[in-house]
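Protein sequence lines, in the order shown, are assigned to chains W and S. Everything in the first sequence is counted per this note's numbering, starting at 274 for the first residue and increasing by one. Everything in the second sequence is counted per this note's numbering, starting at 274 for the first residue and increasing by one.
Just so you know, the hints here were simulated from the structure itself, not pulled from any lab data. One thing to keep in mind: the hints can contain errors.
It does not matter which identical chain is meant; a pair holds if it fits inside one copy or across any two.
Below, computed lysine to aspartate or glutamate pairings styled on EDC-like, alpha-carbon distance capped at 16 Å [to be verified]:
no.: 1; residue 1: Lys275; residue 2: Glu360
no.: 2; residue 1: Lys314; residue 2: Glu300
no.: 3; residue 1: Lys275; residue 2: Glu299
no.: 4; residue 1: Lys533; residue 2: Asp370
no.: 5; residue 1: Lys525; residue 2: Glu418
There are 2 protein chains.
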Amino acid sequence: MKTYLECYPCFLKQALSAARRAGGTEEQQLSVIRRTMEILKKLDAGAIPPEIARHVHHAVREEISCPDPYREAKQQSTEQALVLLPELRRLIEESSDPMDTAIRLAIAGNIMDLGVMEDFGNLQNTIDRVLKQQFAIDHTAELRELLETADHLLYLGDNTGETVFDRALIERISIPVIYAVKGSPVLNDATELDAIEAGLDTITTILSNGSDVPGTLLNLCSEEFKDAFEKAPVIIAKGQGNYESLSDAGRKVFCMLQIKCPVIGIDIGAPKGSIVCYRSGNKSK
Amino acid sequence: MKTYLECYPCFLKQALSAARRAGGTEEQQLSVIRRTMEILKKLDAGAIPPEIARHVHHAVREEISCPDPYREAKQQSTEQALVLLPELRRLIEESSDPMDTAIRLAIAGNIMDLGVMEDFGNLQNTIDRVLKQQFAIDHTAELRELLETADHLLYLGDNTGETVFDRALIERISIPVIYAVKGSPVLNDATELDAIEAGLDTITTILSNGSDVPGTLLNLCSEEFKDAFEKAPVIIAKGQGNYESLSDAGRKVFCMLQIKCPVIGIDIGAPKGSIVCYRSGNKSK
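The following block holds chain W by itself, in its conformation from the complex (with noise of 0.2 Å):
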């Protein structure tokens, strides 16, 4: 997806918040807004909203020499999600179509976002919420059709807490998973220890994409991880900064997540606030 006008001042305001969580002072979130300016400025034609948000929080890091500055919101995401799981199996035990309701607490989790909003509100109510609604693009019938016959699963994890709903999900499919996490804290996107604390290592394989970037951009991951995409019959990429990465990476990839921010809606056609399975390359516009 390229990168909007709108993304602007959203990224000025996302690295306001990355940096006040990262505890600057004033002067150190002054230098952080004034950096994210610069990086603007010189942006590429073409640069996609993960790869800048990558420099932006890379900036952050930095001037305020904090390695994770989500480090203690990701562990409080994770805590609050683990509570929920016994909540989330029994939904889905007890369901009529036990992998739809799988799939759509998946969705629900991905509203664990803390680059859209500061805070993502009642958990409950938004598991109610996508229990009920409608999706607004509905490809799970080629995902879960594809699941029948491939012989593993390639899963691109999103954010910290979200894991747990996604271990809910992955509970329920059957063929090996192997489960992408980032190379090195970004945001509050999963790294290999947020995914541990979930409990994925123990359903899945785990393996980091070598990257920082909030997405997957494959030039930037490692070897290993370019294998093992390359090589994974489906995939599923969970959230705003996979679709971001990934809305044209071809038919194996199916983004599932949550529309949170305007301009992604306006990219992928479903209004905010809906929920979406969209098969990659597919496109209409």
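Using the hints, position chain S against chain W.
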């Protein structure tokens, strides 16, 4: 009021919105964003928001060669409010405290602010809310007392359309009123033309402040206006821009506004969504 770090992303957002209203191409919109970042980079320590907004909107008008990007929106706002004028008058006349109702309605009109939002929503809902809502800061008793003894009032207008709500209040004020407007277009702030279209020339003396600041920065105003400001025994200053400019201007100034911005809310000490009649220089913090 000082410029908070939260104001930075907000200026970019406002610049983009204004560039679009001015009919700018995608390329011109990007130029406006870049120029805004330059303005923000070169900020003097102590620059206050209306001063920065002035430069931003100047850049928009220059980049896109559009002297009044908000002209059409302003005309629509005036027409929309004029339709409501008979109802505003009826509400005031039938009230048990007509002056209280008239003040509240003038504050309700402050919602017609296109600097904060793209669209100010349903006016009737705002009127209903503000008529019932408790003041977060209420210095109306002191204002009303001064209006009893003063020989005239200087009334600093804010948004176009809001002008009509001001007119309904001014009709209840028995002393002569000077209604101050912006010297040239900026945002949807009322100029002389806009005030005349709201019928304010029939009940007030309209006075240009000689500046294009979305607020009132005395050092940038005309001598005539500064003289009127100095001589006025009591001043009503409408809206956020005037609060940002005049929050410490002295006890004859009463800022009447809705808090539409969280940062102004923090500065004045009233939550977003609240209504305020604040006697300047009266901050407890």
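Evaluation of the provided hints:
In this homomeric assembly, lysine 275 and glutamate 360 never come within 16 Å of each other (Cα to Cα): the closest approach is 38 Å inside a single copy and 48 Å across copies. Proximity of lysine 314 and glutamate 300 under a CA criterion of 16 Å is satisfied inter-copy only: 14 Å between copies versus 21 Å inside one chain copy. Taking the closest pair of Cα atoms, lysine 275 and glutamate 299 come within 16 Å of each other only across two copies (14 Å); inside a single copy the shortest separation is 32 Å, beyond that limit. In the homo-oligomer, the alpha carbons of lysine 533 and aspartate 370 never lie at most 16 Å apart, since the shortest distance is 26 Å inside one protomer and 45 Å across protomers.
With identical chains, the CA atoms of lysine 525 and glutamate 418 are at most 16 Å apart within one copy only, with a shortest distance of 12 Å there and 73 Å across copies.
Hint check: violations occur at hints 1, 4; the rest are consistent with the structure.
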